[in-house]
Amino acid sequence: MVMGLFFGGTFFSGHVVCKITKVRAEGVLFPIVVGAMSWWALMEILLLPMTMLHGTFEGFVVLYSVVLVGIFIGGLLGWKGIARELKIVSRRAKEYLTFGHVVAFLLILYQLVYLHHHMYLEWDDTYYVNLANEAVNSNWIYWVYPETGAFADFDKRYVLSLWPIFYAWLSKIFGVLPTIMAHTILPWVIIPLSYMVYGLIGGKLFARDKELQGMFLAMAVLLHLFMSGEHTAGLTFLSITPWVGKGVLATVLIPMLFYHMLRMIKREKKGEWILLGLTALGGCLLSSMGIMLTPVFVGGTMLLFSVYRKKVRYLTHGMLACLPCLMLGVYYLYLTH
Amino acid sequence: MQDFFEIARTDFAAAFAGAWLFPLLLVSILWIFLKEKDKMKKLLLCGVPLLFLFVYWCPFTGILFMKLLGQNVYWRLLWLILLAVVIPYAVCILLKGLSDIQRQVAFVVLMGVLALAGKPVLSKEWFEPSTNVYKLPQNVIEVCELLPSNIHALVSNRLMPYIRQCDPTITLEYGRNSLVYNGITETEKEEQILYLEVQKSEIDLAVLAPLAKKQGCTFLVFSSNRTYIGNWKDYGYKEYASTDEFCIFVDLDYKEGQDTRKWEE
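Just so you know, the protein sequences line up as chains R and H, in that order.
So that you can map any letter, position 205 of the first sequence is 205 in the working numbering, and since no number is skipped, the others follow by simple counting.
So that you can map any letter, position 47 of the second sequence is 47 in the working numbering, and since no number is skipped, the others follow by simple counting.
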């Protein structure tokens, strides 16, 4: 049910966002990932002022849900376009039954089933997961010290990136304890979402060769299953702690930024920059590291684009897309230094 | 400057040690540089990873990012190098020129090479079988099933990180921030005296019980292997329940269903 709500909801939301930005919502995966980024960006916009103004968690749940339902209905209104797109997808579905896709699917399934039957004890959950638990239990967003629940607390480091409230919201809707939502259900959402992004990247890199797309995806999945160094390296987060904001940042958001860069190579429409901006804002929700790393990634890449194509607008547009991150980044430094 | 290189080197080794993924990344970048004809793709898949490697190792940018991100998490800058895009892309370029069967055989072989270049994440080293839907240690669940809701408790450090994940209506006397009290030998602060007393293998109830009562700890949960100096009932507590690993004690004044949660402004 959670997967149905998330992927169904983001699919229709993605269509609405694509329509507004005048970017073609091609296929099934693209609207889903655009929708997911939009959900997180919207959440950051609503959650930050509500946290600062001592809003209640239930108030947030109602407001966020109502806005998302509105967007969802907006998506349904465009059903003709969606049906047309789905028709194209279903016609081409057989093309994706390649050896590489089958291997990728089996590897993803193995990862999900293994994680479903095993647990990894994350020391930091006592803060982050309890932050979600506390929101549902006390109706306060962030103002209670989550490790003991016994006193008021306001840790400036995390206030701008309250990712646990996202799964607290899902928990509230489905009536499940956030601990169960994070550890048992969320991996079924985040892991497929991450590989959808890699699927899109493969689609852009090998537009005309479906078999290579599948092989690219299978290898991307494999690299998430075989690590180097310590277990906290970026890719391994997807298996170990897919419910942690930093993990989602490393394995969903940064690859998504790369995907935006790939799209920028081909077409440089205003809508593409807006979508990049939404992704950047979504990254702010995930982790304070998202606030910092997103402008570094976009800025660095756009600097190279600008130098190579001798057009400074790549850099300026990129920085404009990251403006919310930059503003929050300055505020973060003000709060923490 | 020396500190910077020391931190950068240590973090880099921690991120890539024990596997061949970094050399594989460098070979992939070189291969893409030689074989890719699309200059923008070359820029994205060779230039961008090299740029972030440079940003990571260059002392000027490095020291700046260490200040911005924090020294302890400087290694996260390495997340910007997308291993799972660059390496598969390089391999796919290799596969591109092969015919159907050759391609599939080469793909399987190269998948094997990639697997051997790293070490498995889904292993007993990190994971253990889960026995409950919370994905928490079973001994925590057993204790939580015995404890009532809406109470204030002082629990063993072994339970402390997990109890509220199982039942968030319970408030705890100590969180992880109290671990800094470990090692303190002399103190006059009651909070620290109480914490240090419960860490002992033989707990003096004359010290523990008055302080626990004063802090409003209705329930006390300690490892079963602890021994006690004194009689619990003499100090206003009694045994409430036990599991294989833990003993639970309750304040004699506690009434079933009472809300004893703690809240300090």
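Incorrect hints may appear among the rest.
What the hints assert, rightly or not - To give a feel for the contact side, a few chain H residues facing chain R, derived at Cβ under 8 Å:
id: 1; residue: Leu21
id: 2; residue: Pro23
id: 3; residue: Val27
id: 4; residue: Gly62
id: 5; residue: Leu64
id: 6; residue: Met66
id: 7; residue: Asn72
id: 8; residue: Val73
id: 9; residue: Val113
id: 10; residue: Pro120
id: 11; residue: Glu128
id: 12; residue: Arg164
To be verified - Listed next, the in silico DMTMM-like pairs over lysine to aspartate or glutamate satisfying Cα-Cα at most 25 Å (straight line):
id: 13; chain 1: H; residue 1: Lys35; chain 2: R; residue 2: Asp209
id: 14; chain 1: R; residue 1: Lys266; chain 2: H; residue 2: Glu36
id: 15; chain 1: H; residue 1: Lys35; chain 2: H; residue 2: Asp100
id: 16; chain 1: H; residue 1: Lys42; chain 2: H; residue 2: Glu6
id: 17; chain 1: H; residue 1: Lys233; chain 2: H; residue 2: Glu186
id: 18; chain 1: H; residue 1: Lys200; chain 2: H; residue 2: Glu256
id: 19; chain 1: H; residue 1: Lys67; chain 2: R; residue 2: Asp209
id: 20; chain 1: R; residue 1: Lys311; chain 2: H; residue 2: Glu197
id: 21; chain 1: H; residue 1: Lys214; chain 2: H; residue 2: Glu186
id: 22; chain 1: R; residue 1: Lys210; chain 2: H; residue 2: Asp100
id: 23; chain 1: R; residue 1: Lys204; chain 2: H; residue 2: Glu256
id: 24; chain 1: H; residue 1: Lys42; chain 2: R; residue 2: Asp124
id: 25; chain 1: H; residue 1: Lys96; chain 2: R; residue 2: Asp209
id: 26; chain 1: H; residue 1: Lys200; chain 2: H; residue 2: Asp234
id: 27; chain 1: H; residue 1: Lys233; chain 2: H; residue 2: Glu265
id: 28; chain 1: H; residue 1: Lys262; chain 2: R; residue 2: Asp153
id: 29; chain 1: H; residue 1: Lys41; chain 2: R; residue 2: Glu268
id: 30; chain 1: H; residue 1: Lys67; chain 2: R; residue 2: Asp124
id: 31; chain 1: H; residue 1: Lys96; chain 2: R; residue 2: Asp153
id: 32; chain 1: H; residue 1: Lys42; chain 2: R; residue 2: Glu122
id: 33; chain 1: H; residue 1: Lys262; chain 2: H; residue 2: Glu188
id: 34; chain 1: H; residue 1: Lys189; chain 2: H; residue 2: Glu142
id: 35; chain 1: R; residue 1: Lys156; chain 2: H; residue 2: Glu265
id: 36; chain 1: H; residue 1: Lys119; chain 2: R; residue 2: Asp155
id: 37; chain 1: H; residue 1: Lys39; chain 2: R; residue 2: Glu272
id: 38; chain 1: R; residue 1: Lys311; chain 2: H; residue 2: Glu264
id: 39; chain 1: H; residue 1: Lys214; chain 2: R; residue 2: Asp153
id: 40; chain 1: R; residue 1: Lys266; chain 2: H; residue 2: Asp244
Since the hints were made in silico from the structure, they are not lab data.
Remember, predicted model here, so these are calculated numbers, not experimental data.
Think of the CB as a built atom: it goes at the ideal place given N, C-alpha and C, for glycine as much as any other residue.
Evaluated hints:
{"no.": "1", "hint": "Leu21", "verdict": "holds (4 Å)"}
{"no.": "2", "hint": "Pro23", "verdict": "violated (10 Å)"}
{"no.": "3", "hint": "Val27", "verdict": "violated (14 Å)"}
{"no.": "4", "hint": "Gly62", "verdict": "violated (12 Å)"}
{"no.": "5", "hint": "Leu64", "verdict": "violated (10 Å)"}
{"no.": "6", "hint": "Met66", "verdict": "violated (12 Å)"}
{"no.": "7", "hint": "Asn72", "verdict": "violated (11 Å)"}
{"no.": "8", "hint": "Val73", "verdict": "holds (7 Å)"}
{"no.": "9", "hint": "Val113", "verdict": "violated (10 Å)"}
{"no.": "10", "hint": "Pro120", "verdict": "holds (6 Å)"}
{"no.": "11", "hint": "Glu128", "verdict": "holds (6 Å)"}
{"no.": "12", "hint": "Arg164", "verdict": "holds (5 Å)"}
{"no.": "13", "hint": "H:Lys35 x R:Asp209", "verdict": "holds (17 Å)"}
{"no.": "14", "hint": "R:Lys266 x H:Glu36", "verdict": "holds (16 Å)"}
{"no.": "15", "hint": "H:Lys35 x H:Asp100", "verdict": "holds (20 Å)"}
{"no.": "16", "hint": "H:Lys42 x H:Glu6", "verdict": "violated (32 Å)"}
{"no.": "17", "hint": "H:Lys233 x H:Glu186", "verdict": "violated (29 Å)"}
{"no.": "18", "hint": "H:Lys200 x H:Glu256", "verdict": "violated (30 Å)"}
{"no.": "19", "hint": "H:Lys67 x R:Asp209", "verdict": "violated (44 Å)"}
{"no.": "20", "hint": "R:Lys311 x H:Glu197", "verdict": "violated (67 Å)"}
{"no.": "21", "hint": "H:Lys214 x H:Glu186", "verdict": "holds (21 Å)"}
{"no.": "22", "hint": "R:Lys210 x H:Asp100", "verdict": "holds (12 Å)"}
{"no.": "23", "hint": "R:Lys204 x H:Glu256", "verdict": "violated (63 Å)"}
{"no.": "24", "hint": "H:Lys42 x R:Asp124", "verdict": "violated (39 Å)"}
{"no.": "25", "hint": "H:Lys96 x R:Asp209", "verdict": "holds (9 Å)"}
{"no.": "26", "hint": "H:Lys200 x H:Asp234", "verdict": "holds (20 Å)"}
{"no.": "27", "hint": "H:Lys233 x H:Glu265", "verdict": "violated (32 Å)"}
{"no.": "28", "hint": "H:Lys262 x R:Asp153", "verdict": "holds (14 Å)"}
{"no.": "29", "hint": "H:Lys41 x R:Glu268", "verdict": "holds (15 Å)"}
{"no.": "30", "hint": "H:Lys67 x R:Asp124", "verdict": "holds (23 Å)"}
{"no.": "31", "hint": "H:Lys96 x R:Asp153", "verdict": "violated (56 Å)"}
{"no.": "32", "hint": "H:Lys42 x R:Glu122", "verdict": "violated (38 Å)"}
{"no.": "33", "hint": "H:Lys262 x H:Glu188", "verdict": "holds (23 Å)"}
{"no.": "34", "hint": "H:Lys189 x H:Glu142", "verdict": "violated (33 Å)"}
{"no.": "35", "hint": "R:Lys156 x H:Glu265", "verdict": "holds (18 Å)"}
{"no.": "36", "hint": "H:Lys119 x R:Asp155", "verdict": "violated (36 Å)"}
{"no.": "37", "hint": "H:Lys39 x R:Glu272", "verdict": "holds (21 Å)"}
{"no.": "38", "hint": "R:Lys311 x H:Glu264", "verdict": "violated (58 Å)"}
{"no.": "39", "hint": "H:Lys214 x R:Asp153", "verdict": "holds (22 Å)"}
{"no.": "40", "hint": "R:Lys266 x H:Asp244", "verdict": "violated (64 Å)"}
Violation of the numbered hints given earlier is confined to hints 2, 3, 4, 5, 6, 7, 9, 16, 17, 18, 19, 20, 23, 24, 27, 31, 32, 34, 36, 38, 40; the remaining hints are satisfied by the structure.
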